[in-house]
Amino acid sequence: MSRTSSPVIVALDYPEMAPALELAGSLDPTACRLKVGKELFTAAGPQLVERLQALNFEVFLDLKFHDIPNTVAGALRSAAAMGVWMVNVHASGGRRMLEASAEALAGLSSPPLLIAVTVLTSMDAQDFVELAYEDSLGEQVLRLAGLAKDCGLQGVVCSAQEASTLRQKMGSSFALVTPGIRPAGATRDDQRRVLTPAEAMDAGSSYLVVGRPITQAKDPAAALRAINASLSA
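Numbers 1 to 233, taken from our numbering, label the letters of the sequence shown in order.
If you are wondering where the hints come from, they were derived from the structure by calculation, not from laboratory data. Note that CB positions come from ideal geometry on N, CA and C, so glycine has one too. Check before you lean on any hint, since a few could be wrong.
Label pairs and their calculated CB-CB ranges [said to hold, decoys possible]:
id	residue 1	residue 2	range
1	I68	E199	22 to 30 Å
2	S5	I68	36 to 44 Å
3	G171	T42	31 to 39 Å
The calculated DSSO-like cross-link candidates involving lysine-lysine, where the alpha carbons are at most 27 Å apart (straight line), are [claimed, not checked]:
id	residue 1	residue 2
4	K64	K38
5	K38	K169
6	K64	K169
Model the full structure from these sequences, guided by the hints.
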């Protein structure tokens with residue numbers, strides 16, 4: 001059973017374990033989940049995940065696996081063995097990789113949610129011009145989301161600005177995990193395609209990844225409470 005009804009996932013974007021644990025210790029595990037990404041996991045490893053779980057947090061292991069199918073499948077099995085709540089892969093790894101990912105977790109008694117990254121929220125239309133993609137950014141997101149669903153994944157990471165279209169196309173049970181969430185008045189930092197928490201949920205997001213507006217706040221717990229309150233207003 002889920003430990004929280006909040007859609008907020010707090011991004012622990014720290015270079016080492018100590019500040020991540022300090023931040024986690026100030027938050028309520030019934031008010032959010034936590035995301036551990038590449039930098040922090042590379043520095044702290046599975047021990048950090050275990051310590052966050054000991055604090056009763058559900059953990060999204062955000063490592064965006066993208067490799068040959070067998071390698072990704074093995075990595076996902078290792079992630080599942082840690083008991084994480086959610087894991088992700090890059091949809092651009094293609095059908096064989098995505099199918100191998102889904103198969104790696106099939107049959108487990110308590111598998112993590114498996115989602116795919118479509119297009120990074122730090123990218124915009126100009127990046128697509130430079131990369132010479134034939135599809136527009138929005139078309140690519142829709143194409144990759146459809147591929148992920150067809151291969152048996154439970155959802156995608158996408159911009160909240162694409163959530164409305166994806167919700168219509170992918171149905172109500174497909175999870176939409178949206179980074180780039182910024183409360184009204186917050187800076188955009190290195191994100192490009194952003195919405196406020198309430199706007200993102202209204203657009204069809206399932207989960208909201210929020211980093212610096214909480215982790216760099218003077219009172220992170222109060223910032224988290226304010227975001228959750230804005231969603232029930």
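Results for each hint:
1. I68 <-> E199: 22 to 30 Å: violated (38 Å)
2. S5 <-> I68: 36 to 44 Å: Hint holds: Cβ distance 38 Å, inside 36 to 44 Å.
3. G171 <-> T42: 31 to 39 Å: Taking Cβ atoms as reference, G171 and T42 lie about 35 Å apart, which means the hint holds.
4. K64 <-> K38: Holds - the C-alpha atoms of K38 and K64 are around 8 Å apart, at most 27 Å.
5. K38 <-> K169: violated (30 Å)
6. K64 <-> K169: holds (23 Å)
Hint compliance for this structure: hints 1 and 5 are broken, all remaining hints hold.
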